[in-house]
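Dock chain B against chain A, hints included.
Note that the protein sequences, when read in sequence, are chains A and B.
Quick note on this note's numbering: the first sequence kicks off at 449 and runs consecutively.
Quick note on this note's numbering: the second sequence kicks off at 2 and runs consecutively.
Some hints here could point you the wrong way.
[To be verified] Lysine to aspartate or glutamate pairs mimicking DMTMM-like chemistry, simulated, CA-CA at most 20 Å apart:
#1 K505/A / D531/A
#2 K504/A / E107/B
#3 K43/B / D531/A
#4 K43/B / E60/B
#5 K65/B / E88/B
#6 K43/B / E453/A
#7 K21/B / E112/B
#8 K42/B / E489/A
#9 K42/B / E453/A
#10 K518/A / E465/A
#11 K42/B / D531/A
The set of hints was computed from the structure by calculation and includes no laboratory data.
Remember, it's a predicted structure, so these values are computed and weren't measured experimentally.
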Amino acid sequence: TQLLEQSPQFLSIQEGENLTVYCNSSSVFSSLQWYRQEPGEGPVLLVTVVTGGEVKKLKRLTFQFGDARKDSSLHITAAQPGDTGLYLCAGLNTGNQFYFGTGTSLTVIP
Amino acid sequence: GAVVSQHPSRVICKSGTSVKIECRSLDFQATTMFWYRQFPKKSLMLMATSNEGSKATYEQGVEKDKFLINHASLTLSTLTVTSAHPEDSSFYICSARSGTSGRAGELFFGEGSRLTVL
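The following block holds chain A by itself, in its conformation from the complex (with noise of 0.2 Å):
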């Protein structure tokens, strides 16, 4: 089951563009993160977020947890080739299960 809906599925920009991938539920989540996974490795944790309506910044990357804690995005500005890698978000919902959303795919082109 997989509770978060991610969008674009997959996305392929131009090296210094800006872009947002939106994750989307119909549930509560007491706390939701993103991560970057790279072929045959496991995802590694960009951020966590808690608060309703809380924006983290991480360098060029900017996550923000909506009001109502059922979504959330991330935003990259002025995207680079490192970039480049499939990006999940994931949350720890009430019954304290820990689901992925669908993921999205993002290829940099220099």
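Just chain B now, with coordinates in the frame of chain A:
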């Protein structure tokens, strides 16, 4: 930092055999471990949630008799794929949740195990 070790990283087996994958938390006690399956270029699908000393909670559609999960200690959980078939070939990833004060709830991932069933 906290580390979760998964072994083996790659395994190839014949159809009909069973394969065990281990997930260990190396420097913290994991009260909860999660097992995921991932197909190429797809997201991680939660298979089951395992709590130390109790039976695992399986997600809908996951065969508990085929994917045996044992969480015998606070640092070790195992996933056994029984009577493996080619359609079981996949990337399996575990994650462990710390119950340690100060880091409670933080989730750490193993490196993943690539299973290929011939």
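Results of checking the hints against the structure:
no.	hint	in the structure
1	K505/A / D531/A	holds (15 Å)
2	K504/A / E107/B	holds (18 Å)
3	K43/B / D531/A	holds (18 Å)
4	K43/B / E60/B	holds (18 Å)
5	K65/B / E88/B	holds (16 Å)
6	K43/B / E453/A	holds (12 Å)
7	K21/B / E112/B	holds (15 Å)
8	K42/B / E489/A	holds (12 Å)
9	K42/B / E453/A	holds (15 Å)
10	K518/A / E465/A	violated (27 Å)
11	K42/B / D531/A	holds (16 Å)
In this structure, only the earlier hint numbered 10 is contradicted, and the remaining ones agree with it.
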